[in-house]
Amino acid sequence: MSSNSRSLKYSRAINEAFVQLMTADPSVFIIGQGVKSPWYVGQTCAGLIDQFGETRVIDTPVSENAMTGAAVGAAIAGMKAVSVHPRMDFALYGLDPVINEAANWHYMFGGAASVPVVVWGIINRKGEQGAQHSQALHAMFAQIPGLKVVAPATPYDAKGLMVAAINDPNPVIFVDDRWLYDFEDDVPEELYESEIGKAQVLKQGTDLTIVTSSYLTQESLKAAAILADSGVDVEVLDLRTIKPLDVPAILASVRSTGRLLAIDGGWRSFGVAAEIVAVVSEEAFEVLKSPVRRLTLPDLPAPASRSLEDPYYITSESIVEVVKSMLNVN
Amino acid sequence: MSDVRKIKYPQSTSYPKEFHWSLLETMVLIRRCEESFIDPILDRRIQCPVHLYSGEEAIAAGVCACLTPEDTVFGNHRSHGHYLAKGGDLYGLIAEVYCKEDGCSRGRGGSMHLISKENGFLGAVPIVGGTIALALGAALAHQIRDNNAVAVAFFGDGAAGEGVLYEVMNFAGIHDIPLILVCENNLYSTHMPIREIRCRDTLFDTAIPFDVRTIREEGNNVLKVYEATRTAVAHCREKKGPVFLEFSTYRQRGHVGPNDNIQGSQTDIRPPEEIREWLTRDPIANYKKFLITEEIFRTEEIDEMDAMIIDRVKQAHKKAEQANRPAPEDLPKYVFK
Numbered sequence: 023m024s025s026n027s028r029s030l031k032y033s034r035a036i037n038e039a040f041v042q043l044m045t046a047d048p049s050v051f052i053i054g055q056g057v058k059s060p061w062y063v064g065q066t067c068a069g070l071i072d073q074f075g076e077t078r079v080i081d082t083p084v085s086e087n088a089m090t091g092a093a094v095g096a097a098i099a100g101m102k103a104v105s106v107h108p109r110m111d112f113a114l115y116g117l118d119p120v121i122n123e124a125a126n127w128h129y130m131f132g133g134a135a136s137v138p139v140v141v142w143g144i145i146n147r148k149g150e151q152g153a154q155h156s157q158a159l160h161a162m163f164a165q166i167p168g169l170k171v172v173a174p175a176t177p178y179d180a181k182g183l184m185v186a187a188i189n190d191p192n193p194v195i196f197v198d199d200r201w202l203y204d205f206e207d208d209v210p211e212e213l214y215e216s217e218i219g220k221a222q223v224l225k226q227g228t229d230l231t232i233v234t235s236s237y238l239t240q241e242s243l244k245a246a247a248i249l250a251d252s253g254v255d256v257e258v259l260d261l262r263t264i265k266p267l268d269v270p271a272i273l274a275s276v277r278s279t280g281r282l283l284a285i286d287g288g289w290r291s292f293g294v295a296a297e298i299v300a301v302v303s304e305e306a307f308e309v310l311k312s313p314v315r316r317l318t319l320p321d322l323p324a325p326a327s328r329s330l331e332d333p334y335y336i337t338s339e340s341i342v343e344v345v346k347s348m349l350n351v352n
Numbered sequence: 030m031s032d033v034r035k036i037k038y039p040q041s042t043s044y045p046k047e048f049h050w051s052l053l054e055t056m057v058l059i060r061r062c063e064e065s066f067i068d069p070i071l072d073r074r075i076q077c078p079v080h081l082y083s084g085e086e087a088i089a090a091g092v093c094a095c096l097t098p099e100d101t102v103f104g105n106h107r108s109h110g111h112y113l114a115k116g117g118d119l120y121g122l123i124a125e126v127y128c129k130e131d132g133c134s135r136g137r138g139g140s141m142h143l144i145s146k147e148n149g150f151l152g153a154v155p156i157v158g159g160t161i162a163l164a165l166g167a168a169l170a171h172q173i174r175d176n177n178a179v180a181v182a183f184f185g186d187g188a189a190g191e192g193v194l195y196e197v198m199n200f201a202g203i204h205d206i207p208l209i210l211v212c213e214n215n216l217y218s219t220h221m222p223i224r225e226i227r228c229r230d231t232l233f234d235t236a237i238p239f240d241v242r243t244i245r246e247e248g249n250n251v252l253k254v255y256e257a258t259r260t261a262v263a264h265c266r267e268k269k270g271p272v273f274l275e276f277s278t279y280r281q282r283g284h285v286g287p288n289d290n291i292q293g294s295q296t297d298i299r300p301p302e303e304i305r306e307w308l309t310r311d312p313i314a315n316y317k318k319f320l321i322t323e324e325i326f327r328t329e330e331i332d333e334m335d336a337m338i339i340d341r342v343k344q345a346h347k348k349a350e351q352a353n354r355p356a357p358e359d360l361p362k363y364v365f366k
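Chains as they are written, first to last, in our numbering: chain A, 23 to 352; chain B, 30 to 366.
Calculated from the structure, these hints are not laboratory results.
Hints should not be assumed to be uniformly reliable.
Going by beta-carbon spacing under 7 Å, a handful of chain B positions derived as facing chain A [unchecked claim]:
{"id": "1", "residue": "W50"}
{"id": "2", "residue": "S134"}
{"id": "3", "residue": "R137"}
{"id": "4", "residue": "I144"}
{"id": "5", "residue": "L151"}
{"id": "6", "residue": "A167"}
{"id": "7", "residue": "A170"}
So the derived list for chain A, only partly shown, Cβ under 10 Å to chain B, looks like this [unchecked claim]:
{"id": "8", "residue": "T45"}
{"id": "9", "residue": "S49"}
{"id": "10", "residue": "A68"}
{"id": "11", "residue": "G69"}
{"id": "12", "residue": "R78"}
{"id": "13", "residue": "T82"}
{"id": "14", "residue": "A93"}
{"id": "15", "residue": "A97"}
{"id": "16", "residue": "G100"}
{"id": "17", "residue": "D118"}
{"id": "18", "residue": "P138"}
{"id": "19", "residue": "V139"}
{"id": "20", "residue": "P167"}
{"id": "21", "residue": "S252"}
{"id": "22", "residue": "A306"}
{"id": "23", "residue": "F307"}
Derived CB-CB ranges, DEER-like [what the hints assert, rightly or not]:
{"id": "24", "chain 1": "A", "residue 1": "S329", "chain 2": "B", "residue 2": "K268", "range": "38 to 44 Å"}
{"id": "25", "chain 1": "B", "residue 1": "R266", "chain 2": "A", "residue 2": "A46", "range": "48 to 54 Å"}
{"id": "26", "chain 1": "B", "residue 1": "E302", "chain 2": "A", "residue 2": "Q151", "range": "55 to 61 Å"}
{"id": "27", "chain 1": "B", "residue 1": "D205", "chain 2": "A", "residue 2": "L114", "range": "25 to 31 Å"}
{"id": "28", "chain 1": "A", "residue 1": "T45", "chain 2": "B", "residue 2": "R266", "range": "28 to 34 Å"}
{"id": "29", "chain 1": "B", "residue 1": "I203", "chain 2": "A", "residue 2": "P320", "range": "40 to 46 Å"}
{"id": "30", "chain 1": "B", "residue 1": "K268", "chain 2": "A", "residue 2": "T45", "range": "49 to 55 Å"}
{"id": "31", "chain 1": "B", "residue 1": "E225", "chain 2": "A", "residue 2": "K148", "range": "44 to 50 Å"}
In this text, a Cβ means the ideal position worked out from N, Cα and C, and glycines have one as well.
Using the sequences and the hints given, assemble the complete structure.
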């Protein structure tokens, strides 16, 4: 950590990434619905229009297909484009340029061109918003060859991964979560990158490995603190990047603890947790002391009513409960 | 040429000889290239789907004659002509259609994935409509850089069924983006005639509610295509906003392969009398007749050009057939840069 770091909120860390990169590189621009409005994007885009003008910070009509396509096309033409979707659900209208075009572009032209675009989807859930304002779609993007997917859990990585994503010559899906926006932590003042594809152990432990990402990294750290009071010592591995998955880091941690709990904020079937479990089963089956477990959303749409939201979402309490059952601790 | 009779070229204009020569040469190159694929398709030496541009050459030639290498172009599934007219290498195209390592996309793309970045041909891909938004993005890049260049999207009447076109026109209209939308209305969306897929059989008027300047012109008349595009390019360079160009035309071949016969059977269901009628409006035969009648060129000069092009195309095929396919061990190459 730099000596020039100071405490910054997650959303302000993203903002600082934009300010510094847009100052350093005139090819960086942001396009998408709501960049003028904190109601849409929090403080992530605060002051950008004043500093860089509406030519490079472009608020748009609700036309996700064309707007995402424009970001992809501009990137093909040599710009570093950031396409923002303040509710990730609406990004579904823009899947054609992301999946058919950006993801395939470098491959289908035999490396003759690449697409340095960032598609930034903000998960904005709970609060009785219901099924179409809540979806975490990172696993769906991670399935597509040619896309990288990052999901920062900390203010440090919010800045570092946004910078890395924008500088990456390939299309990167940047998934964050409004529940993280007010988390505050040390963030270096200078421009830096968090390396894409590198997970990080945020808490060392000996009894069990939790592999997780994004907001659930924070919940897992809370759970680890609660579990420590019961004498349970879990390791928390924050993926930071969903794809390419840091398989060596996952295996190293599971080999040291012998137990795996894969936690993901997406749905259960065919998801990120399933992929982690598959990798461990293939590569490190012999070290497992007990069956692996997944903790995910159930395979059903997000409900609106609080009485249904509470059992739907994962919390530090539900993590504690699963870990205790895996270790037969009361 | 006795059945050539339909096209009236603008008489008042006097272009230099070299200009006519260059337009004709581009069109003949495209036609000879397209027709050269027929035998290798029928005997299965070429297996990837090939969508021939025969009959529509005047549009690619006329439009691209107005562009500089800094101007950017996106194509579609039927883009051999756009690629060649924008300066793409003939051998790179032919080798790509054979899916060889020497191809412009190193055999990873085939006929429907063409690129010539150094000439501003940023890519042709077959999801129709998708490249309209990509061209918007390239035009936006030109606008942000303020480099006076324009971006062009070539698409057909079928692609106009995709909603993205209307999103693009709205946004380009709001921000005066230097985008030229070139709609090649060849009256068919694969096998479906336009009257079965649209309420109207014209496209230019769809641009009107978006404050996008729009021009409809005879697409088989290369000089009219050129003049309409020249107006559009000037409009964009003067920062007056996007232009929609509708060019009426007709493909002389089926949707895919020579006659929709890539799987061996002939499935082109268009009325034969309609096809015959449009053949009289062949953009090359008519233009040749005009150039000879107006005594701009002699028949022998044109025949000599044609023979040279035929030979170039033949040599490119020979080399492409001998070239290597991508090595199997290179399968994972190029997923990421």
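Measuring from beta carbon to beta carbon, are D205 (chain B) and L114 (chain A) in 25 to 31 Å?
holds, 30 Å
CB of I203 (chain B) to CB of P320 (chain A), is that within 40 to 46 Å?
For P320 (chain A) against I203 (chain B), whose Cβ atoms are near 43 Å apart, the range 40 to 46 Å holds.
Per-residue hint verdict: R78 (chain A), partner chain B, C-beta under 10 Å
The hint holds - R78 (chain A) has a Cβ within 10 Å of chain B, the shortest such distance being about 6 Å.
Please verify that hint: A97 (chain A), Cβ, nearest Cβ of chain B, below 10 Å or not.
holds, 7 Å
Assessment of proposed distance window 49 to 55 Å (beta carbons of K268 (chain B), T45 (chain A))
violated, 26 Å
Is the hint on D118 (chain A) kept, meaning its closest Cβ partner in chain B is under 10 Å away?
Because about 5 Å separates D118 (chain A) from the closest Cβ in chain B, which is inside the 10 Å limit, the hint holds.
Let me know if the C-beta of G69 (chain A) comes in closer than 10 Å to any C-beta of chain B, holds or violated.
Cβ of G69 (chain A) sits 19 Å from chain B, so the hint is violated.
With a cut-off of 7 Å on the beta carbons, see whether S134 (chain B) makes it to chain A.
Holds. Min distance 4 Å.
Does G100 (chain A) hold up as a contact with chain B if the rule is Cβ-Cβ below 10 Å?
holds, 7 Å
Hint check, T82 (chain A) versus chain B [nearest Cβ-Cβ separation less than 10 Å]
holds, 7 Å
Would you say the C-beta atoms of T45 (chain A) and R266 (chain B) sit inside 28 to 34 Å of each other?
holds, 30 Å
Given L151 (chain B) as an interface hint, is its Cβ closer than 7 Å to any Cβ of chain A?
This hint holds: L151 (chain B) lies near chain A, its Cβ roughly 5 Å from the closest one there, short of 7 Å.
Taken one by one, the earlier hints fail for this structure at numbers 1, 8, 10, 11, 21, 22, 23, 24, 25, 30, listed in ascending order.
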